[in-house]
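Novice: The listed protein sequences correspond, in order, to chains H and F. Taken in order, the first sequence gives residues 1 to 202; the numbers are from the UniProt record's numbering. Taken in order, the second sequence gives residues 1 to 358; the numbers are from the UniProt record's numbering.
Treat the hints as calculated values from the structure; they're not laboratory data. Remember, it's a predicted structure, so these values are computed and weren't measured experimentally. Check the hints yourself; a few may be wrong.
Unchecked claim - Here are a few chain H residues that face chain F, going by a calculated C-beta distance under 7 Å:
| id | residue |
| --- | --- |
| 1 | G111 |
| 2 | H121 |
| 3 | P127 |
| 4 | G130 |
Said to hold, decoys possible - In silico SDA-like cross-links for lysine to any residue, where the CA-CA straight-line distance does not exceed 20 Å:
| id | chain 1 | residue 1 | chain 2 | residue 2 |
| --- | --- | --- | --- | --- |
| 5 | F | K188 | F | A230 |
| 6 | F | K7 | H | G156 |
| 7 | H | K39 | F | K171 |
| 8 | F | K85 | H | H121 |
| 9 | F | K164 | F | P178 |
| 10 | H | K39 | F | Q44 |
| 11 | F | K188 | F | S156 |
| 12 | H | K39 | F | P38 |
| 13 | F | K7 | H | A157 |
| 14 | F | K228 | F | Y240 |
| 15 | H | K39 | F | V32 |
| 16 | F | K213 | H | H118 |
| 17 | H | K39 | F | L36 |
| 18 | F | K85 | H | L116 |
| 19 | F | K188 | F | A275 |
| 20 | H | K39 | F | A230 |
| 21 | F | K213 | H | A119 |
| 22 | H | K39 | F | D271 |
| 23 | F | K191 | F | S243 |
| 24 | F | K7 | H | P171 |
| 25 | H | K39 | F | G33 |
| 26 | H | K39 | F | R45 |
| 27 | F | K213 | H | G117 |
| 28 | F | K85 | H | W120 |
| 29 | H | K39 | F | W35 |
| 30 | F | K7 | H | A119 |
| 31 | H | K39 | F | T145 |
| 32 | F | K213 | H | W120 |
| 33 | F | K7 | H | L73 |
| 34 | F | K7 | H | F170 |
| 35 | F | K7 | H | R165 |
| 36 | F | K171 | F | Q157 |
| 37 | H | K39 | F | T37 |
| 38 | H | K39 | F | G30 |
| 39 | F | K7 | H | D76 |
| 40 | H | K39 | F | A148 |
Glycine included, each C-beta is placed from N, C-alpha and C at the ideal position.
Here is how the chains run, residue by residue.
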Amino acid sequence: MNAPQAFHPLARLLHWTMALLILAMLFVGVGMVTTVSEKHQWLLALHRPLGAAIFVLALIRIGVRLRFRPPALPADMPALMQFVAHASHWVLYGLMLAMPLIGWAMLSAGGYPVMLGHAWHLPPIAPANGALFAWLREAHRYVAYLFFLTILGHMGAALYHALIRRDDVFPSMTVGFPHHDAPLEPPRNVATDEGDATPPSP
Amino acid sequence: MPTPSRKPSHLFWRWCAIGAAVVLLALAFGAVGGWLTPHRLTPQRIVDALQANGGVHPGFRRNHAKGVCVAGYFEGNGAATPYSKASVFTAERTPVVGRFALPGGNPYAPDGSVPIRSFALRFALANGQQWRTGMNSMPVFPVATPQAFYEQLQASQPDPATGKPDPARLKAFFGAHPEAGPFLAWIKTAKPSASYATESYSALDAFYFVDAKGERHAVRWQVVPETKDAAPGPAGDTDYLASDLRTRLAAGPLRWHLMVTLAAPGDPTNDATKAWPDDRTTIDAGTLVIQSEQPQESGPCRDINYDPTVLPDGIEVSDDPLLAARSAAYADSYLRRTSEEAHIPGAAHAASKQEQTR
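Given the sequences, and given the hints that come with them, work out the whole structure.
Specialist: Given below as structure tokens:
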């Protein structure tokens, strides 16, 4: 196995850019539907072009993921954890594509022009139909909640790798220079602190 | 240099840090969604207040519930093109789907119960953009802010004992809102008209027209009818407006002129309670022609949300705080009634057409 030790730099750039955009998007979405203030208008004006940008970036990102092999998960990770890690990534990719498409179809079904700016608009992708709008609008809401929960889980898992397992997973998406000289199996009876000078207990 | 240990120290605190990061992000999301501030004014609370006053009528709009669909076209004459680059103002025909309605949440309200009629329009521009506007047959709006509108709804909530609003509460509300003076002065003499066709309808809120050079012009618009035989509504008939409209349209199309008033510097754009002085330049931007009517239960206006902030390139919202609130509340009302039509679990169910005609 000659797997890379870190994600391709382009994959890392896309990951962190999209992390910011998607979190911003979820906050914009929940904010704009619950406010009557003037912020409603600019949040709405931000939401649609941002959604279109995330959709395009997600397509590029999946292309990058398929073109450049990602680093393997640590061999000592339990099989179930490995499965959940892989599955959650494909769920996240699916959500990145699904959310903008549901939003676009929802506006189409509501008979709205899908404006991305003052003059720029997308063609409808669903027939104008009030009942279809209602189903898509509710889907947009609940898939957004699912997206947010998946992101919370993803973030928790990344921090678990960084803080508890302290394996190569977190650096492979950040600095890209995992400490690959670290032993695969933790040595037994090591000191509990890196700077700890106390000898191991017998 | 020692080999880094895989077994971390302070395990408890590391787990705490992970938990704190996840919880903080979730809390921030909830805070933006208003879960931590239940008393914040939201679109949902405004629509709840409308429902409290008008009752829940599944499938109907939460305000302007009683109405009728109409269709026709708008023909610009080019007079507004120096002020707005929107293609709707050039000398071309733009198809229009509209809706006449009464204010209030009761779809069975008697036509004579209020002196106000409303007219909503959706212009479908040839370039795929849209212009939606909801207008009312009054010169000014009673209040200037969403908060005041919400308080007005609460003050006019029917007393369960009498079925009518408590006059003392209304008096207290208007006493605390002197900005409603011009509206109250108008409504004192206003009479419920016998026809939708003889009314002028004003957008009330200010907007900006944006010209080809990108310059903004503060405007207000209204449609003024060619039909002038205004009369008070017939006594003893609660549903005369729709039949009057049908009779008139059977005899030929009805016409309005789209009159656009340009603000002078200093005219307020953020206060729908204040009319601009009469001497402001007003241009006749074109003719609105209504050719047909359809029942709102099955007509093309049923599934349109007449959100006044859906605007084409060349028209923009002003700083009027009512506009954002209307957009947000209309969206919530639209979701409620379409969910009822779609029989989404948890939504009240709109009666099907068979059930209604039974």
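Novice: Determine for every hint whether it applies to the structure shown.
Specialist: Cross-check of the supplied hints:
1. G111: With a closest approach of 6 Å, the G111 (chain H) hint holds.
2. H121: H121 (chain H) check passes; min Cβ-Cβ to chain F is 6 Å, inside 7 Å.
3. P127: For P127 (chain H), the interface hint is violated, since the closest Cβ of chain F sits about 11 Å away, which is over 7 Å.
4. G130: Holds: closest Cβ of chain F sits about 3 Å from G130 (chain H), inside 7 Å.
5. F:K188 to F:A230: holds (18 Å)
6. F:K7 to H:G156: holds (19 Å)
7. H:K39 to F:K171: Given that 20 Å is the threshold and the Cα spacing comes to 32 Å, the pair is violated.
8. F:K85 to H:H121: Cα-Cα ~17 Å, so holds.
9. F:K164 to F:P178: violated (23 Å)
10. H:K39 to F:Q44: holds (16 Å)
11. F:K188 to F:S156: Roughly 17 Å separates the two Cα atoms, so the pair holds.
12. H:K39 to F:P38: This hinted pair holds, its Cα atoms lying about 18 Å apart.
13. F:K7 to H:A157: holds (17 Å)
14. F:K228 to F:Y240: holds (18 Å)
15. H:K39 to F:V32: holds (12 Å)
16. F:K213 to H:H118: Holds, at roughly 14 Å.
17. H:K39 to F:L36: holds (19 Å)
18. F:K85 to H:L116: holds (18 Å)
19. F:K188 to F:A275: holds (17 Å)
20. H:K39 to F:A230: Violated - the C-alpha atoms of A230 (chain F) and K39 (chain H) are around 41 Å apart, more than 20 Å.
21. F:K213 to H:A119: holds (15 Å)
22. H:K39 to F:D271: It holds: about 18 Å lies between the C-alpha atoms, which stays within 20 Å.
23. F:K191 to F:S243: Cα-Cα ~19 Å, so holds.
24. F:K7 to H:P171: Status holds; Cα separation ~17 Å.
25. H:K39 to F:G33: holds (13 Å)
26. H:K39 to F:R45: It holds: about 17 Å lies between the C-alpha atoms, which stays within 20 Å.
27. F:K213 to H:G117: holds (17 Å)
28. F:K85 to H:W120: With a Cα-Cα distance of about 14 Å, the restraint between K85 (chain F) and W120 (chain H) holds, given a limit of 20 Å.
29. H:K39 to F:W35: holds (18 Å)
30. F:K7 to H:A119: violated (57 Å)
31. H:K39 to F:T145: holds (14 Å)
32. F:K213 to H:W120: Given pair K213 (chain F), W120 (chain H) holds - Cα atoms ~18 Å apart, limit 20 Å.
33. F:K7 to H:L73: With Cα atoms ~18 Å apart, K7 (chain F) and L73 (chain H) stay inside 20 Å; holds.
34. F:K7 to H:F170: holds (16 Å)
35. F:K7 to H:R165: holds (7 Å)
36. F:K171 to F:Q157: holds (13 Å)
37. H:K39 to F:T37: holds (17 Å)
38. H:K39 to F:G30: holds (17 Å)
39. F:K7 to H:D76: Holds. K7 (chain F) to D76 (chain H) sits at ~14 Å (cutoff 20 Å).
40. H:K39 to F:A148: Roughly 18 Å separates the two Cα atoms, so the pair holds.
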